[in-house]
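Okay, here's what each chain looks like letter by letter:
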Amino acid sequence: MFRNQYDTDCITWSPAGRIHQIEYAMEVVKQGSAAIGLRSDKYALVATLRRSPSELSSYQKKIFEIDEHIGIATSGLVADARVLAKYMRNECINHRYVYDGPMQVGRLVLQVADKSQLGTQRIGSRPYGVGLLVVGNDQTGPHLYETQPSGQYFEFTAMAIGARSQAGRTYLEKHFKRFAELPLDELITHALLALRETLGSGTELSSTNVAVGYVGGEHPFTLLEDETIQPYIDAVKKPDEAAPAAAPAAAEGDAAMDTGS
Amino acid sequence: MFRNQYDTDCITWSPAGRIHQIEYAMEVVKQGSAAIGLRSDKYALVATLRRSPSELSSYQKKIFEIDEHIGIATSGLVADARVLAKYMRNECINHRYVYDGPMQVGRLVLQVADKSQLGTQRIGSRPYGVGLLVVGNDQTGPHLYETQPSGQYFEFTAMAIGARSQAGRTYLEKHFKRFAELPLDELITHALLALRETLGSGTELSSTNVAVGYVGGEHPFTLLEDETIQPYIDAVKKPDEAAPAAAPAAAEGDAAMDTGS
Amino acid sequence: MFRNQYDTDCITWSPAGRIHQIEYAMEVVKQGSAAIGLRSDKYALVATLRRSPSELSSYQKKIFEIDEHIGIATSGLVADARVLAKYMRNECINHRYVYDGPMQVGRLVLQVADKSQLGTQRIGSRPYGVGLLVVGNDQTGPHLYETQPSGQYFEFTAMAIGARSQAGRTYLEKHFKRFAELPLDELITHALLALRETLGSGTELSSTNVAVGYVGGEHPFTLLEDETIQPYIDAVKKPDEAAPAAAPAAAEGDAAMDTGS
Amino acid sequence: MFRNQYDTDCITWSPAGRIHQIEYAMEVVKQGSAAIGLRSDKYALVATLRRSPSELSSYQKKIFEIDEHIGIATSGLVADARVLAKYMRNECINHRYVYDGPMQVGRLVLQVADKSQLGTQRIGSRPYGVGLLVVGNDQTGPHLYETQPSGQYFEFTAMAIGARSQAGRTYLEKHFKRFAELPLDELITHALLALRETLGSGTELSSTNVAVGYVGGEHPFTLLEDETIQPYIDAVKKPDEAAPAAAPAAAEGDAAMDTGS
Amino acid sequence: MFRNQYDTDCITWSPAGRIHQIEYAMEVVKQGSAAIGLRSDKYALVATLRRSPSELSSYQKKIFEIDEHIGIATSGLVADARVLAKYMRNECINHRYVYDGPMQVGRLVLQVADKSQLGTQRIGSRPYGVGLLVVGNDQTGPHLYETQPSGQYFEFTAMAIGARSQAGRTYLEKHFKRFAELPLDELITHALLALRETLGSGTELSSTNVAVGYVGGEHPFTLLEDETIQPYIDAVKKPDEAAPAAAPAAAEGDAAMDTGS
Amino acid sequence: MFRNQYDTDCITWSPAGRIHQIEYAMEVVKQGSAAIGLRSDKYALVATLRRSPSELSSYQKKIFEIDEHIGIATSGLVADARVLAKYMRNECINHRYVYDGPMQVGRLVLQVADKSQLGTQRIGSRPYGVGLLVVGNDQTGPHLYETQPSGQYFEFTAMAIGARSQAGRTYLEKHFKRFAELPLDELITHALLALRETLGSGTELSSTNVAVGYVGGEHPFTLLEDETIQPYIDAVKKPDEAAPAAAPAAAEGDAAMDTGS
Amino acid sequence: MFRNQYDTDCITWSPAGRIHQIEYAMEVVKQGSAAIGLRSDKYALVATLRRSPSELSSYQKKIFEIDEHIGIATSGLVADARVLAKYMRNECINHRYVYDGPMQVGRLVLQVADKSQLGTQRIGSRPYGVGLLVVGNDQTGPHLYETQPSGQYFEFTAMAIGARSQAGRTYLEKHFKRFAELPLDELITHALLALRETLGSGTELSSTNVAVGYVGGEHPFTLLEDETIQPYIDAVKKPDEAAPAAAPAAAEGDAAMDTGS
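Residue numbers (the working numbering), protein chains in the order written: chain H, 1 to 261; chain U, 1 to 261; chain G, 1 to 261; chain R, 1 to 261; chain B, 1 to 261; chain P, 1 to 261; chain W, 1 to 261.
These are calculated hints, taken from the structure and not from any lab test. There's no promise every hint is true.
[To be verified] Only some residues are given here: those of chain W computed to face chain P with a beta carbon under 7 Å:
| id | residue |
| --- | --- |
| 1 | T8 |
| 2 | Y24 |
| 3 | V28 |
| 4 | E55 |
| 5 | L56 |
| 6 | S57 |
| 7 | S58 |
| 8 | A85 |
| 9 | R126 |
[As the list claims (entries may be wrong)] Computed list of lysine-lysine pairs in BS3-like fashion (alpha-carbon distance at most 27 Å, straight line):
| id | chain 1 | residue 1 | chain 2 | residue 2 |
| --- | --- | --- | --- | --- |
| 10 | R | K174 | P | K61 |
| 11 | W | K61 | W | K177 |
| 12 | G | K61 | B | K177 |
[To be verified] What follows is a list of derived Cβ distance ranges for each label pair:
| id | chain 1 | residue 1 | chain 2 | residue 2 | range |
| --- | --- | --- | --- | --- | --- |
| 13 | P | G141 | B | S125 | 47 to 53 Å |
| 14 | R | Y97 | P | R178 | 53 to 59 Å |
| 15 | H | K174 | R | P231 | 42 to 48 Å |
| 16 | H | D234 | U | T222 | 41 to 47 Å |
| 17 | P | G141 | R | K86 | 48 to 54 Å |
| 18 | U | R89 | R | E68 | 56 to 62 Å |
| 19 | G | K177 | U | R107 | 28 to 34 Å |
No experiment lies behind these values; they were computed from the predicted model shown. Ideal Cβ positions, reconstructed from N, Cα and C, are used throughout, including at glycine.
The whole structure should be built from the sequences, with the hints applied where relevant.
Next up, the structure:
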C-alpha cells in the first residue's frame, strides 16, 4: 500500500510533480455506487443505484434537487456530498434573490469546482471525497457536468461514475450519438440500460434501488423513485431476469460511503 | 493492530481512497451497550441496556429527551453523546422560539449529521465517538433515524446498534413487517425481545438495566424506567428465566464508554 | 510501556475505536490518595486521606468547599483540581447572582463534565488529570457524584476513588444498604472505616491525615479536620492499634500528585 | 524517487541552497499538454492541444480570455490555472474601473508572479501547479510572457511549454527570426506546425483538439476553435496524413492535470 | 537518558498516568543553589546561597522583595524566576490599588500556582523552570510557602530546596519544633546553619555568597547582604573554619541556572 | 548531503551554536550569475551578467532601479529579489512623501537587513534566497552595500557576488585602491573586466548578457543595456576574442534562479 | 554532535531538567569575535575586535550607541544584535519622552533580559543568538552588564565574551582590582591589552580592527575608531611587533556571525 513519502498531505509536491493526496481522494469516487448521466438536445438526466445498509432501512439518497432547474447525482462520501449540495442550494437561492432568475448551470459548476480546489491547496483541511454529476437546464439548453475532488470539471454528453462505471461508459459510448433527438422516456431507458451494465452478478435493477432525476423542456427537475420509476424498470427487464430483487449489500467497513452494489 | 501510515488523522486519504480515522471512530459505536429502535405507523420507540459501573452507582442514562416530540438513544462515548444532545436541544428550542412550533425530526437529524461531518474534515478536532438512534413524531408521522460519527444518517423501520446488536437486528428483520399496525405495548414487547437477543450469557433484562423511550399518537416523548418498565419486563420474562438479576458489568479500562453488558 | 501508535493525542482514534489518551488520564486518578464518599437520605459526606510532602509541611488540602451546599474531594493532580474547583465556585456564585438561590448539584456536575469533555476533543490541550467526588444538598436531597477526566459522571450511593480504593469499595458494598437511615455520626464512622481499608501497612488514621466534609439537613458544607475530626478517629481506633501515628509518605518523583499513602 | 530530507516543504533550504518543493512544482508544468506561444510585431498568439477525458466529454479548455486585450494558455493543474485566471480577470476589471483603461500586460504578469512567489515562502500552502503563456497587446505592442510556479517570469518572442515541448521549441528556434513581419495567418500556421512537433505518434492535429487564441492589431483577444480553426488545420495537414483523427488520451491516474496527448 | 515516548510535551499522558515534562521541569529546581526557609510565630525568613559566574561579577540575586510584606527565594532558571517575581509584584500593586491594603500571602501564592498550572496544560509553552520559597507576613501571621513548576504549593514550617537541600531539610527536621518562640537572630542563625549543611566541600558561608531576607513583627521585608549579614556569618563560623572564602563555582554549561555551589 | 538533525528550520540551534537553515539560504546567492559592484568618490555602480533561459526569450533583469538615487543588483532567487525590490521602492516613496526628500542609502539597507532578519527567527516562513548589491548616492556621497539572507550587511569599496565571484573579487582587490579618483567610464571598464573574470569558458561579454547601473555626480540611477552598453563592451574586448557571442546557458533544474553562465 | 532527543525546541525539558536549545544558543556567543568590558569608579568601557569579510569591505560594527549614556558591544549573530539594539534605543527614547530624563542602565538591561526570556518559553520563535556587554553611566555611577541568550544578566567589574575570551578574562582577573581609581586612558590601555590576549596567532591589534566605546564622568558615550583609537594602539604595541597589520579573516560558512579573528 506504501508508495512514497510525498503523499500525506495535499500541499506537498512529489518529485515527479504530482500531489498524491488529490489522487487518493479521487479513488473514493470510484468506490461509490454507480451514477449515470446523459443528455439530449432537450433533456438532461441522471440515474443512480441506491443502496441501503440493511433491509430495515430506507434507501440512501444519491440524487439531490439543487434548484428547480438543477439536480445532482453523487458518488463517494455521502456526508461530503451533502456539504456541497448545501453550498449549491445556497448559491442558487442567492442568485435568484439578487438577479431574480435561475443561475446558469455552468457557472454553478465552476463555483463548486473552485470551492473544491481550495481543499487541495491548504493545510488543515482535506479534498472533498465526492464526485458529482450535475444536470441542469438553462437558456443555453440542457447540460451535464462532472465535478471531481481535484477541482476539475468537464461537460459531457453522457457519463458514468462510481463502481464498475467503466461498463456503463462503454454502453454510453456505443449509443450516445443517437441521444440528441430522443424523447425523454427513451433517454431514461438508455440510462437504466447503462446502469444495468454496472451491476454486479446477482443484483438486478428494481424500483427500490434505482432513482432517476431529469430536467429539461418544460419540466423542472423531477425525481423518479419507487412507483414512478417502476414502469421504466419493467420496460428494461429482460424476460428471463424476473429473478431476485436486488439484494442490498450490507455495509461493511466503509459505511460512510455509498458502496457500489 | 497496525494497518498503514494513513490512519492518524481524518484529513489524510489512504491510497485506496479511505479515511481510516472515520472508520475507527465508528468502531466505538459497536462497543457501547446495545440500543434498539423501531416504529409503527403511529409510534417510534427506543430501548436500551443501561449499565452501572458498580452496585453502588445509579445507572448510566442512555436515553435523552431532546424535545417533547423527539428523543435519542446513544451508543459510544457518553461525554460525546451529551455534547450532541445539548446541541439538539438548543436547535429545538431555537426552532420553537423562531417558528413557534416543533422542529421536524428529519431536519434536526440532518443538522446533527452536518455537525458530525465537520469533525471529519478539519485538523485539530476528531470525529464524535457516538452513534444515535433518534425517534420523533411530527406532522409526517413517527420516525426512526440512525446517525453515525461519519456524518451519515439513515431512516429505518427498525434498527439495533451497539455491542452484539447483530442478534437484535436479526430479530428485527424477522418481525419488522408486522410492526406498522401494532399497538404501543406490543411494540415495546418487540423492542425488549430484540434487546434480549443482545444480552451476553448470565445477564437478564430487569427493570434497572432497561429503559424505553417512546413518542407518537397523543404521547409526548415518554421514558419508561424502573417501576414503569417493570410490567413490560415481566411480560417478556420466560418462565424458566426468573434467575439472577442482571449483574452490571464492572467498568474496566473503557470506563468512558457505555460498554455492552 | 509501549502499546501502540495511536496513543499520543486525544484526537486520534485507535483502530479498535479507543482514545488512549483519555484512558491514560484516568490512570492518574487511581494514583491519588483515597477518597471516600457516601450519603444517607439526609446527609452526603466525603472523607479523604491527606498527605504532606514532609514532616515540615502542612497537609495537602483534598476537600474543597464550593458553595455552602456543595463540596468536593479530589484524587489526582492537585493543580488541575484547583482549576476545576475554581470553575465550580464561579458557576455557583453566578447562579446565586442570577437566580438568587443555590445551584442544583446535578447541574453543576454536568457542567464540570462538559468542561472536561472539551479537553478530550481538541488538540493543543489535554484531559484534566483529576477525579472528583462531589457532595451536595439541594431541594432534591443529598447527592454524591463522581466525575472523571473523560467527561463522564455517575451518581452514587457510596463510592471510593484513588489508590487502593478497591478495598474501600468492598467495605462500602457490604454496608451501603443501611446508610439511608443512619445519623450523621454513624455515617462518618462508616466513611472512616472504609477509608481505613485503603491504608497501606504501617499507616494509621489520625486527626492530621484525615479530613471529612459533610453537608445535609440544616448543615451547610462543613469540614472536619484536626481537632474536630479527632473524636471520630478515636471512635474507630481499634484497641490494639494505638500504635504509630500515620507517617506521611515522602513525595518521590510524582510530587505533583497527591499520592496514596 | 527519494532524493533527500529537505524536500517536503517550501520553507526549507537544502544544504546546497535549493528549495526542492519549488522545483517539484515546476515538474507538473512539463506534464500538461503542450502550449505554443509566439508573436510578431503586431500580433501575439497561443496555440494549445486540448484533451478530453473521454469521447463522451467536451474538450478541456486550456486558453482563457482574461480581458479583451489579454489571454492565457495553461499547462499543469487545471484547477490551479482557474484560480490564477480568476485573479487576473479581477485585476483587469479593477484596473479598468480605476484608470478607465486596459491594464498593461507586463504589469499584470508581474502581479501574477508576485502572487505565485507567496506560495513559495509560506507554510500551510503550496506553490501553484501551473505554468502560463500570457499574450497581450497594449500601447507598447504585442507581448508574450511565460510565468512559472516559482514566481519567475520571462518575456519571449516564441515559446513552448508542456509535454514534449522541447520539439516545439526546436521548431520555433529555427523560425522565430522571421516572425516579426509575418501576417496573422502565417503566424497561426507556424504555431500549428510547432504544436504538431509536440504530438506523440498516432495523434494528429484536428479542429477538436487544437485551439488558438490571438490578439493584436485591431483585434481583441480572439479564440479559434472547432470550425474557426479548421481552415488552418487543413492548411498544415500533410497530404499523406489524412489518417486517424486525434484520439484523445484517456485520463489515467492524473486526471487533475491536462496530460499531454 | 531515554525513558519513553510520552515525555516530549506536557499535554501527553503516559500510559501510567504521568506527565513526564512536568516532572522533568521539577528537576531543574533541584539543581539551583540551595535556599532555606523557616518561620517562627512572629517571623518568616529565607536564606540563600548566591553564586557569581566569575570573580569579576557581582553575585546573582536570588532573593526578591515582592511587596513590603512579602519576599521570595528562588531555585532554578533565573530568567523564569524574574517572570514570576514580576507577576507577583504586579498582583500586589493591583491589590493595594483596589483594596488599599496588602495582599494576603496565601492568596498570592495560589495565583502563582494557578499561573504555573497553565504552563502544564497548553501546547506551545512550557512549565516554568523555577521553584519559589515565599515568605510573608499578614494579619494571619507569618507564612512560608513553596511553589513548584507543577502548579502545586505547600505551606511549611521550614523547608529547604535546591542542590543538596536534603541535608538542609535534615537539619530543619531536627530543630523546627523549637522555632515557634525563637527571636529573629536565632532564626537567622538556624537558617545559616541549615544552609551550611548544603555546602559542598571546600566552600564556606561568607558575607558575599549568603543573603537572608526576613519579614515579621514590625519589620517590612528586609534583605541582609554583604555587611549586614556579616555578623550572623561570624556567629555561625566554626573556630577551625576561618579558612578559604567561598570560591564561587564557575558556571559551566548551565549558566542559565543558579547552580548550587 | 546529510549533515545533522538541526538543519530543517531556522528556529533550531545546533549544539555548536549554528542555525544551518540560514547558512543554506546563503548558498543560493553563490549560485546566481555574478554581480559586480564598485564605487569611486563620486560614483557607485553595479554590473551583472544577465541570463536568458533560451534564445527565444528576453534576458532576465538583474538590476533594478529603486529610486532615482538608488539601484540594486541581485543574485539568487529572482522572485525573492522582486519582493525585496518592491519593499525598497515603497520605503523610498514613503520617505519622499513624509520627508520630501530622498532616503539615505544606509538607512534603506538597514531596513532591508532587518526585514531579512525576521525570516530567520520565525517559524512558518523562510529566509529570503537572494543577496543584493545596493548602490546609491546621497548627501554623504556614493555607497555600495551588500545584503545577505542572514540579515547581515556590509559596506564595500568594491564587491563581487554570485557564481565564480571569487575571480571577480580577486580582480577587484588588485585594483580597488585606484578607484576613488577614476572617472565614470573607467569605473565601468573595471567593472566589466572584473565581470569577465567570472565568466566560464566559452562565454564572452556582449551587449545582451551584460547590464550596468550607475549613480553619482549629477546622474540619477542609470541603466546601461544593449546599445548603451555596447561601447564599453567593445572597449574591453580583447583583440583575439571577437569570437562567439555569449551563448546563454539553458536553464536546467534550477530555473527559478538566475544561474551563473 | 548528537546528544539526545530533547534538544530540538526550547519548550521541552530534558529528563535532567535542562533546556538544551537555550544552551546551544549560548554557544554562538562564544564564537563571535571577542569583546572586553571593564569599569572604574568613574568610567565604563567596551573594546571589541572588528572583522571585515574582505579587504574590500568596511569593518563590521560591533559597538552601538544606545543613548548618550549607554552603549553596547555584541558577540554572536549580528542581525540579532541589531534587533536588540533597536529595542534598547526605543526604550531609551520612550523613557526620555515620558520621564524627561535618561533611563537607568540596570533597568534597561533587565528589560532586554526579559525580552530574551520570552524567546526561551514560546514555540515558533528561537532564543536570540547574541550576547551583549552593556556599559552605561547614570546617577548610580558607571555600570557594566552582560546579557545572555537565556535571559540572564550579571553585573561585572570587568568581563570578556566571545572567541578566546578566556584569555582576556584571565588578564582581567589579574588586574581588575586596580581599575577602580584608574584614569580613562589607562582603562583603555587595559582593555586593549586584555583584547590582545584574545588574538589568534598572526593577528595584531590595529586601528582598523579595534573599536573602543566609553562613557562616564562628563563624557557621553563615545566611540574610538580608526584615527581616534590609533594612539592607544600605538601605546600598547610591543616594540618587536610592528609587523603585519591584522589580516581580517575571510568569512567562511558562518558569515552571519562576527567570527573571532
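Quick rundown of the hints versus the structure:
1. Checking W:T8 against chain P: minimum C-beta separation of about 6 Å stays under 7 Å; hint holds.
2. For W:Y24, the shortest C-beta to C-beta distance to chain P is roughly 4 Å, which falls under 7 Å, so the interface hint holds.
3. The beta carbon of W:V28 is positioned within 7 Å of a beta carbon in chain P (closest approach about 4 Å), and the interface hint is therefore held.
4. Interface restraint check: W:E55 against chain P, minimum CB-CB distance 6 Å, threshold 7 Å, status holds.
5. Given hint, W:L56 at the interface with chain P, holds; its Cβ is 5 Å from that chain's nearest Cβ, closer than 7 Å.
6. For W:S57, the shortest C-beta to C-beta distance to chain P is roughly 5 Å, which falls under 7 Å, so the interface hint holds.
7. Evaluation of the W:S58 hint against chain P yields a held restraint, the C-beta minimum of about 4 Å falling below 7 Å.
8. Residue-level restraint check for W:A85 is violated (minimum Cβ-Cβ distance to chain P is 11 Å; threshold 7 Å).
9. With a cut of 7 Å, the hint placing W:R126 at the interface with chain P holds, because the nearest CB-to-CB distance is about 4 Å.
10. Distance restraint check for R:K174 and P:K61: the Cα-Cα separation of roughly 25 Å lies within the 27 Å cut-off, and the hinted pair is therefore satisfied.
11. Under the criterion of a C-alpha separation no larger than 27 Å, the hint pairing W:K61 with W:K177 is inconsistent with the structure, at around 30 Å.
12. With a C-alpha separation of about 22 Å, the suggested pair G:K61 and B:K177 falls inside the 27 Å cut-off, and the hint holds.
13. Judged by the Cβ atoms, the range 47 to 53 Å given for P:G141 and B:S125 holds: they are separated by roughly 50 Å.
14. Evaluation of the 53 to 59 Å hint for R:Y97 and P:R178 yields a pass: the beta carbon distance comes to about 57 Å.
15. Look at H:K174 against R:P231: about 33 Å separates their beta carbons, and that is not inside 42 to 48 Å.
16. For H:D234 and U:T222, the hinted distance range of 41 to 47 Å is satisfied, since their beta carbons lie about 45 Å from each other.
17. Between P:G141 and R:K86 the Cβ separation comes to about 49 Å, which falls inside the hinted range of 48 to 54 Å.
18. Distance hint check: the CB atoms of U:R89 and R:E68 are about 57 Å apart, consistent with the given range 56 to 62 Å.
19. Between G:K177 and U:R107 the C-beta distance comes to about 48 Å, which lies outside the given range of 28 to 34 Å.
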